[in-house]
Every structure is written in C-alpha cells, then in structure tokens.
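> One-letter residues, chain by chain:
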Amino acid sequence: MSARRIFARPARLAAIAPYVWMVLFFLVPFGFVLKISLSQTAIAQPPYEPVFDLMAGWGALKAAFAALSIDNFKLLASDDIYVFAYVRSLIVAVTATALLLLIGYPIAYGMARLPARWQAVAMVLVIVPFWTSFLIRIYAWINILQHDGLLNQILLALHLVSQPVVWLSTDSAMYIGIVYSYLPFMILPLYATLAKMEPVLEEAASDLGAPRWQVFWLVTFPLSLPGVGAGVLLCFIPIVGEFVIPDLLAGSNSLMIGQTLWLEFFTNKDWPVASAAAIVLLVVLLVPLLLYERLQKRQLEQGR
Amino acid sequence: MTDELPGTDAIAEAVGERQFAAGEPLLRIDGVAKTFGTFRAVDGVSLDIKAGEFFALLGPSGCGKTTLLRMLAGFEAPDQGRILLGGKDIAQALPHERPINMMFQNYALFPHLSVRDNIAFGLKRAGMARADIATRVAEMVALVKLDGLEKRKPDQLSGGQRQRVALARALARRPQLLLLDEPLAALDKKLRESTQGELMELQRRLGMTFIIVTHDQEEAMTMASRIGVMRDGKLAQVASPRGLYEAPRSRWIAEFVGDVNLFDAESKLRDGHRLVIGTRDAGPLVVAEPREPFGEVRLSVAIRPEKVKLSRRGPVREAGHGTAINQLDGVIADICYLGGTTTYKVKLDAGGMLQASVANSARLDVDAYSLNQPVVAWFTPDDCVVLPS
Numbered sequence: 000m001s002a003r004r005i006f007a008r009p010a011r012l013a014a015i016a017p018y019v020w021m022v023l024f025f026l027v028p029f030g031f032v033l034k035i036s037l038s039q040t041a042i043a044q045p046p047y048e049p050v051f052d053l054m055a056g057w058g059a060l061k062a063a064f065a066a067l068s069i070d071n072f073k074l075l076a077s078d079d080i081y082v083f084a085y086v087r088s089l090i091v092a093v094t095a096t097a098l099l100l101l102i103g104y105p106i107a108y109g110m111a112r113l114p115a116r117w118q119a120v121a122m123v124l125v126i127v128p129f130w131t132s133f134l135i136r137i138y139a140w141i142n143i144l145q146h147d148g149l150l151n152q153i154l155l156a157l158h159l160v161s162q163p164v165v166w167l168s169t170d171s172a173m174y175i176g177i178v179y180s181y182l183p184f185m186i187l188p189l190y191a192t193l194a195k196m197e198p199v200l201e202e203a204a205s206d207l208g209a210p211r212w213q214v215f216w217l218v219t220f221p222l223s224l225p226g227v228g229a230g231v232l233l234c235f236i237p238i239v240g241e242f243v244i245p246d247l248l249a250g251s252n253s254l255m256i257g258q259t260l261w262l263e264f265f266t267n268k269d270w271p272v273a274s275a276a277a278i279v280l281l282v283v284l285l286v287p288l289l290l291y292e293r294l295q296k297r298q299l300e301q302g303r
Numbered sequence: 000m001t002d003e004l005p006g007t008d009a010i011a012e013a014v015g016e017r018q019f020a021a022g023e024p025l026l027r028i029d030g031v032a033k034t035f036g037t038f039r040a041v042d043g044v045s046l047d048i049k050a051g052e053f054f055a056l057l058g059p060s061g062c063g064k065t066t067l068l069r070m071l072a073g074f075e076a077p078d079q080g081r082i083l084l085g086g087k088d089i090a091q092a093l094p095h096e097r098p099i100n101m102m103f104q105n106y107a108l109f110p111h112l113s114v115r116d117n118i119a120f121g122l123k124r125a126g127m128a129r130a131d132i133a134t135r136v137a138e139m140v141a142l143v144k145l146d147g148l149e150k151r152k153p154d155q156l157s158g159g160q161r162q163r164v165a166l167a168r169a170l171a172r173r174p175q176l177l178l179l180d181e182p183l184a185a186l187d188k189k190l191r192e193s194t195q196g197e198l199m200e201l202q203r204r205l206g207m208t209f210i211i212v213t214h215d216q217e218e219a220m221t222m223a224s225r226i227g228v229m230r231d232g233k234l235a236q237v238a239s240p241r242g243l244y245e246a247p248r249s250r251w252i253a254e255f256v257g258d259v260n261l262f263d264a265e266s267k268l269r270d271g272h273r274l275v276i277g278t279r280d281a282g283p284l285v286v287a288e289p290r291e292p293f294g295e296v297r298l299s300v301a302i303r304p305e306k307v308k309l310s311r312r313g314p315v316r317e318a319g320h321g322t323a324i325n326q327l328d329g330v331i332a333d334i335c336y337l338g339g340t341t342t343y344k345v346k347l348d349a350g351g352m353l354q355a356s357v358a359n360s361a362r363l364d365v366d367a368y369s370l371n372q373p374v375v376a377w378f379t380p381d382d383c384v385v386l387p388s
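Residue numbers (numbering that gives the first Met the number 0), protein chains in the order written: chain E, 0 to 303; chain G, 0 to 388.
Be a bit skeptical, because a hint or two may be false.
[Claimed, not checked] In silico BS3-like cross-links for lysine-lysine, where the CA-CA straight-line distance does not exceed 30 Å:
| # | chain 1 | residue 1 | chain 2 | residue 2 |
| --- | --- | --- | --- | --- |
| 1 | E | K195 | G | K87 |
| 2 | E | K296 | E | K195 |
| 3 | G | K49 | G | K144 |
| 4 | G | K150 | E | K195 |
| 5 | G | K123 | G | K152 |
| 6 | G | K344 | G | K49 |
| 7 | G | K152 | E | K195 |
| 8 | G | K152 | E | K296 |
| 9 | G | K123 | G | K188 |
| 10 | G | K87 | G | K144 |
| 11 | G | K306 | E | K296 |
| 12 | G | K49 | G | K87 |
| 13 | E | K73 | E | K61 |
| 14 | G | K344 | G | K306 |
| 15 | G | K87 | G | K188 |
Just so you know, the hints here were simulated from the structure itself, not pulled from any lab data.
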C-alpha cells in the first residue's frame, strides 16, 4: 500500500466530520422539532400526539403519519400575536444591529489604528465582560436603569432631567441591554478586517486627492465589508431569537418571538405550536443567511 | 504617442496650479527636520530641485530618505523648515491638497477597484468631467501598455503589470512632482532593468519632475540626473552620478557608491602640486593635491578598482609619461571572473590588499593573470582621491 493511501483515509474522515456534526446536532433535532410541529397538543407524556412507536408495527406507524397536519402553521399565520411577534423581532433585530454597527465601527476602527501594544490591551477590554456571567451583567443593568439607579442619579446630578426617567420595562432599556451584550460580536470581526487592511491604501487615496471622508467611504469602508457582513450576521441572527434581554428589560405588552416561544413551551405547554413557531423562525433567519452567502459567492466570482 | 498629450491642463486647472517649464526652480526644501520620539529621522535637509529633473534620494535603510519623501507627499509634517513648491510653502498642507503624487513601494493599488477605476480614482477626486476621465484613462493605459487589462482587479495582474498600474495612477493627474518610493524593488532583476529604461524615457517624454527614493546605488546612477546621498538624516552629498562616483566627498560615500580601495594616511608630504601620502598598507602614494584643503583631519586615499592597472613584474612605462608614478608590487591572491570584467585581489608586498578590475577586452585570455603570479599594480596620481576619514 502506498504512503499516499495510508494518509488519505484520516484526511477523508476529517472532511466528513463537519457533515456528521451537522446531521447529529442539527438535522436530527430539526427532524424531531419538525415532527412535533406537525403533531397536536395532548394532555399526556409527552404532551403531544401522535407518538411514533416503532414497536407497534407498520399499521400503527402509518396511522401516526396520517395524523400529522399543518394546523399549527395555519394557526401561526392566522393569529396576530405570532405575526406581531415575528415583525417585532425583526424590527428590534434590524434596529439593534444598525445601532451596533454605528457604535461598533468607530470603536473597531480606533482599535485597529492603535499602536500594536495598545491593540492587545483594547482587545482584552472588549472581551473582559465575557468573564462575568451574562445574566449577572443584565441584572446589573436593571440596577443601573431602575428608578433610583445610577443612570437617573447621574442625569439628575447633571440637571439634564428634573424627574427620574422611567427606563426599566421600556424598549430603550432593551436596546441598551442588547447593544451592550452584542457589542463584542460586532467589534471583533470588524476589528479583524480593519486591522489587516494596509494603512498605505488610505494614504494612497488621500495622495490622489481624496479628503478624509472620501478616503473612508471610497476605500476603508468598501474594504471592510466582509467584516461588516460577519458582524451584522453574528448580531442579527441571535437578536431575532433573543429571549432573556427583552424578558428582563423590556415591557411585557409586546413580545419578541423568543418570548412567545417560551410562553408556548413552558406556560401553555403547547409543544406543537412552539415547535411550529421555531421552524418559522428558522426559515425567517435562513433568508438573510442565504442572501449573504450569495453575495459572497458573487464577490468571489467577480474577483476571478 | 505624441509629446503633447491632450487634456494636459485639466488637472492643473482643477487644482488651480500652473505647470513649470523645464529648468525653472520647482521645489525648495529648506532646513527640514523631523524627529520621531528621540530619533532624528531627518536632520536639517536643504535641497533645490528644478522642474524636469530626475532626482534620486539614495541611502541605506534608516537614513531618512523615506521620511523626507513622506514629508513631500504630506504624510508627515516637518517639525522644522519649509517645503516650497513653486514658491508656496506646502509643509503643513494635507496630502490631498498638494499637486504631488506618489508611487508607493508596494504600489498600494485599491484591491476592490479595477485597473480602470484605480487610474481614474485621482481624476474623479479632481472633479474632471466623465468624458475627459475616460480619455485620460485610455491615454494612461496606452502609455504604460496595459491595453486589454482595464477591467482586471489588481490581484489578477502580475507584479510588473501592477507596477504599471501604480505608475499610471500616479501620473494620471499630471502632478507637478512625482514621488517614487523604491518603485522597482518588488521586480526581478531583468524586469527591473527594462523598467528603469522605460521610466527614464517616460520622464523625458512627459517633461515631469521625478524624485525617486532608492537604496540601490546602481538604480540611482542609471536613472537620475542628480543624486542626493543621505546618511543619518542629513544630505551627505548632492552631485551628478559621475561627480558622486569620481569625486566623493567622504570616505563613507566612496564606500557606499561602488567598490573602492582605501588606504589610511600616516604621513603627508608636499611635492610641488602633488602630495606624497605615506600609508601603512601600500607604502607612499603620490596623489594630486585636493582642491580644498582638509585641515588636520585624518585622511584616506581612495582608488576605484577599475582605475588600477596590472602588469607583469618589471618597470612600467606609462604611454607618454615616462615611468608610472605609483607602482605597487604584489601577487595575485584571488580571481573573480564576472564576464565583462575580472576582479583581481592583489596582496601587496607592503602588506595591504588591492582590488583591480580589468576589462576582458579580448576573448582569448592572453592577458589573464593566474593565482600567486607576481604583478605590478599601478595608477596615476589623478586616479586617486584624498578623502577625510
């Protein structure tokens, strides 16, 4: 046997590992969820029917298949609560992602232009919040934002307001929480692309007659687009499904889809409807992902 | 291609600058200094450059030549001194406000733009009309022979093609002054030599003023009409290539530009209009008296290897001059055949080593010397240069 073939085998195994991962941890659970979404709720253990029992024989299996229906999806489409939840989730995600980009870009740009020694320090500062539990950090925000919290004290002391502002249980509080929590996910990919961009390109642009803002819009920003895309996706997708931050910081009069899912699962114990909601959410999120991938492919082809 | 390219004045109008005729004073660098932290990168440089010159800033890395160039482009502001372009002080002007363009060392082409858009970048910033931009880009593409590659992105080009795009992009605005930062360093030797010729020819045809920064003395000698040698942030000498080579102002310059034999002086004796300089390694050497007296500094005698002639042992008679004045006995210690020339290392009886570069003017090696052969190395007093150490 040649040396080449001995080494070819583990290499081939390594190549299929991602697919094994996908099948085991994405496709199989997705199959379960899809099946539950097509079932009906029941007061039973598990709380839905039909249940596939492979031991019960071919006839029972066929009957179980026949009992599956898309009623839950029809319900999602007909009930305003779900439609509103989806729309609200998308609006929140778009707004928060835009805010993140606006805040994260200057920070990432500033970091990338620091002397190498200080870049490492800045990097640690961005990552350091991760060393504290996420929940504790959100509770800290509740503390800061409450009626006699730090923020109101500062605003009162500076005479910017005469009355304490109601922050908690508002969208403002939720956006503060989301932007705070997701900022590192926006900064890091942006920083990575900006740091490896050669500053001499900006010099070339200004040498050719471009004032500062043109240097940014014509050279820096277009060249950082891969980082923008990565940062936007890294923030947008989890924010759409965000549950904890809106639950703790936003009001309860309008819910995001993550909160609706939680309610269906744990309060209503309606697993099938919750599963259907999750499937729709997945489809909603797949659209921007596919768009991004097509965009990247087109860029690659252009580069050819 | 005609000498007069159409649309020449469009940029000049847009930038509000006039063009300078060849020979007019264009750039005056006046006592410019720049310090980074405690490091004096450029230390009081003054220099005048005329329109139409091809000027080279030559020096080893860290000598301040690149910093000086970056101050001309506007990427660094001098701490002291003035930079006058056409009489106007531009030392504090921003890069985009200067009618100066630069060709960067690694070209700095915009990777997201096509060849055409790279070249058009500066024209668009100058507010040129669309149709004029198209015409100018086409001219530039033809000028640097990039026809057919207009739509390519920089990463689809070879190194030589990228270099041409960078040149076209820098030339497109018709700057009053073009700065070239090691423009050929990234090319291989063959391509570098042909590109040197093309750059010179282009500069002559466009009648533009070029300042090139290089660490390669051959490159500077080949292309430039004048060379400024920089050392430790100062201009050590400004001269024509010939002046620099034949009349270096210091021992360091003599060694930096080309090969040279150097002998430290131990004594000095006047003999009419000549000096007899005693050296430990080569014995007494008769040299022409230097034009300016050096005072009491330590001196060296410098002789370029190609000025040294070799003969078989015995008295050497110089044609029309009687016996040659400087005759040094020695034996051949090393032979380095280079094709066009052969470099011999002669171990002198006085103790030192002397390099002699001999042209291989005949194909059959009747004149060649062999290892350990006793020879006489000789040269005229005028071929020696006395230098302060």
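> A separate judgement is required for each hint: does it hold in the structure or not?
For each hint, the structure was consulted:
Taken as a hint, the K195(E) and K87(G) pair is broken in the structure, with Cα atoms around 38 Å apart against an allowance of 30 Å. Our distance criterion of 30 Å between C-alpha atoms is met by K296(E) and K195(E), whose separation comes to about 22 Å. A threshold of 30 Å between alpha carbons decides the hint, and for K49(G) with K144(G) the separation of about 29 Å falls inside it, so the pair holds. Between K150(G) and K195(E) the alpha-carbon distance is near 25 Å, which keeps this suggested pair within the 30 Å criterion.
A C-alpha spacing of about 19 Å is found between K123(G) and K152(G), which places the hinted pair at or below 30 Å, so the restraint holds. This hinted pair does not check out: K344(G) and K49(G) have alpha carbons roughly 43 Å apart, beyond 30 Å. A threshold of 30 Å between alpha carbons decides the hint, and for K152(G) with K195(E) the separation of about 19 Å falls inside it, so the pair holds. Between the alpha carbons of K152(G) and K296(E) the distance comes to roughly 16 Å, so the proposed pair stays at or under 30 Å and holds.
The hinted pair formed by K123(G) and K188(G) fails the criterion: a straight-line CA distance of about 35 Å is larger than 30 Å. Taking the CA atoms of K87(G) and K144(G), the gap is near 35 Å; set against the 30 Å cutoff, the hint is violated. With a C-alpha separation of about 65 Å, the suggested pair K306(G) and K296(E) falls outside the 30 Å cut-off, and the hint is violated. Proximity of K49(G) to K87(G) is assessed by CA-CA distance (about 15 Å); at most 30 Å being required, the pair is judged to hold.
Proposed proximity of K73(E) and K61(E) is supported: the alpha carbons are some 23 Å apart, at most 30 Å. Restraint check for K344(G) and K306(G): the C-alpha separation of about 14 Å stays at or below 30 Å, so the hint holds. For the proposed pair K87(G) and K188(G), the alpha carbon gap of about 40 Å is over 30 Å, so the pair is violated.
The earlier numbered hints that this structure contradicts are 1, 6, 9, 10, 11, 15.
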